[in-house]
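Starting from the structure of chain A, add chains B and C where the hints point.
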Amino acid sequence: MSEPSLEVVDLSFAYPDGRQALRNVDLHVHHGERVALLGPNGAGKTTLLLHLNGILRPASGEVRVAGLVVSDDSALEVRRRVGLVFQDPDDQLFMPTVGEDVAFGPANFGVEGEELEARVAEALSAVSMLEARERAPHHLSYGERRRVAIATVLAMRPEILVLDEPTSNLDPASRRELIDVLRGLPITQLIVTHDLPFALELCARALVIDDGVIVAEDTTVEILTDELLMKTHRLELPYRFDPRQQLSS
Amino acid sequence: MHIPDGFLNGATSAGTAVIAAGGLGYSIKRAGAYLQDRRIALTGLVAAFIFALQMLNFPVAAGTSGHVLGGALAVILVGPWLGITAVSVVVIVQALILADGGISALGANILNMAMVTGLVGWGLFRLMMKVIPKSWTSVLVSTFTAALVSVVASSIAFVIEYAIGGRGNVDIATVFAAMAGVHFLIGVGEGLFSAVTVAAVGASRPELIAGIEDLDLAGKDRSPVRSGVWGFAAAGLVVAVLLVLVAAPLASSEPDGLERVAIDQRFIDSAEDHPLSESPLADYGVSGIEDESTGTRMAGLVGVLITFGVGAAIVGTFVVIRRKSATPV
Amino acid sequence: MLYRHGTTPVHRLPPQVKIVALLVFVLSVVVMPREAFWAYALAGCLLVGVMILAELPAGFVARRMIVEVPILVFALLLPFFGQGETTEVIGLTLSVEGLWGAWTILAKATLGVAASIIVSATTTIPDLLRGLDRIRVPRVLTAIAGFMVRYLDIVAGEFSRRRVAMAARGYEPRWLWQNGPLAQSAGSLFIRSFERGERVHQAMVARGFTGRMPVFGDRPATTREWWIGLSVSLAAVVLAVLSLTVLR
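Chains as they are written, first to last, in my numbering: chain A, 1 to 249; chain B, 250 to 578; chain C, 579 to 826.
Because the hints were derived from the structure by calculation, they are not lab data.
It cannot be assumed that every hint is accurate.
Unchecked claim - With a cut-off of at most 25 Å between alpha-carbon atoms, the simulated SDA-like pairs for lysine to any residue come out as follows:
#: 1; chain 1: B; residue 1: Lys383; chain 2: C; residue 2: Arg790
#: 2; chain 1: B; residue 1: Lys278; chain 2: C; residue 2: Arg790
#: 3; chain 1: A; residue 1: Lys231; chain 2: A; residue 2: Asn24
With the rest of the complex left out, here is chain A (with noise of 0.2 Å):
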């Protein structure tokens, strides 16, 4: 596989009132890495990952996932490709059941019967929800939530994950379990966040946007203990957290 995962190519983009949203973005993350994105709120990250699987397309640049190009023709394709977990997972768990929201993905493909149930089984168990299946949403905890909208997008079995905010709004707990989950699966990440502990965890590698450019890209633990560019960013890590140390221990 010598082709990235995902690529940005020299990516703009303008909101419809004219402001610059995206400027010139490049961004590649090969196969099996898991790839922090940081910045600032407002930055632009959640325009760019909408970009990903062709709900924004690029004014000039063009974003490419396993060598497909994104374009209204391969954006089925792309979206099964991507699979994009958006922050508010109440927006991600729409059908009655759980086993139905993991089985929306796949069957609109065309997948069905014996091969969906698998499916279904599959990613609810890499996610630790399986005894969940036929549960209704809304009586799942918040962090159960999050983790089933990840299976949502695993049933597709795409080629890489695209994570927005993913331990936002967890308590310690449920936020560990979710760690634990991403680190378990074998597929490549690339995950958008505040919390630089978790970056600096589970990525080895990290790129900072702001202002809609992507102002520095290096090992993760580079740029955390990058004071300058961390506090020029609107940047800070949590106190007395030094990555040096945590990365030896």
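The following block gives chains B and C in isolation, referenced to the frame of chain A:
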């Protein structure tokens, strides 16, 4: 307001079911054209909003509370087809899952609570917006009036259905007076609530209001939206009262016509009641007043006022019990 | 909402069978003539039988029949407002037609509500929706209903939270004209619901949605299940037919 099984006979149940099915099918089709495939998720959320709104108790007077139907509000906000579809789904789910409303009466209930309110609400709103000078105040007045009249229209639809196929052989005029009177009161509450809701939406996301989509209100002063409830309520009330005064005599002579038709068609079980044996206007004439139409109007008004007391008692019981039984899921 | 968990034969019947059975039963009751007291009584017995089979406690069912109360009120007023021949009952002059009307409405409404409660108490909402799909209700409608039920909690929850927050700031409306803030919060809740509808659509598209809602989890009912499920309703049909013809 939800008609149970047994209220209407088989033929009326079937007839309304056919009309409702046809109307619903048409609404779905038109909703599809309007918003393409976004409609499913959006309509579902609008339906959830309307359902939740119907569960809301809003205080009316010292302890009693009322409920909003939301039919007119729904169509003013998201357009007739999406609105009617959403409210129809609410009614269907209420009947099937909450046992609120008879299965055999589903057609009539959808007709009254979704279609009549939706079409009358939308029609009157658009008509008023065309006629009165465009401003945010006129949006609120139109919303108030449309919502008020939609509720009354819904009750009139019920009376017509009852006249055609209802059981009990009550004097249609009495039923009409009671229903219309009570629903006028309910409609005032609905009108006020709907208008303020539209105002709130207009204050931050006016582009979401389908009813004014094609009207250029961009430059207009939005302060009425933030001002008190009474200004536009008064204007709307005047319009509504005028409508009532005009419609009342028409309506009070009509039930006799309906009754006659109904009995002729043998829809009402009546072993002894022959329409020709007594003058239809005997029910209405106020003795001593020569001019028939004034007498009718007076009688109608007196009838409304008297049955108000009974009606208010019914409504009071209704809302108190509803409040107790309508527990959120 | 009304569902009460259980594993009785009634619970295990396919939902489409129960829905059709409900419809047939209700229609049978609707056409029964008012004089056939015995038919209503027997139909009631049939329902009680099903209730016992479904292990539904009487109190459970009775509490949920409160929705019927407004109809009771209306029905009880009929004898006072009915026309035509009258009769004396404990000193009150009541209309005969009105009395008949009150009886008819009460009997049919009660049986209808009870039957409806039995079905919703023994069928989960997702199953009810699948049952509707199987009897060819347009998928658009069941999908919309599914979303409505799914998000009702969230929307209703937001309403309550706002009310609580407003109450915490001293807002306790008691009169019609004090409803401004409540209606305003309804307005902002509409906006939030609308926006969520858009986001849900986005999430659907992100998982390959192109306009057709898939159906899953449903299975066809066997002939045996149909016969068993419809047995009570067919008995009601027999009662209706008898009451209309032979045993008039």
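Hints, one by one, checked against the model:
For a cut-off of 25 Å, the pair hint linking B:Lys383 to C:Arg790 is broken: about 40 Å separates their Cα positions. Simply put, B:Lys278 and C:Arg790 have alpha-carbon atoms about 14 Å apart, close enough for the 25 Å limit, and the pair holds. Of the supplied pair hints, the one linking A:Lys231 and A:Asn24 holds, its CA atoms being roughly 23 Å apart against a limit of 25 Å.
Violated hint for the displayed structure: number 1, the only one.
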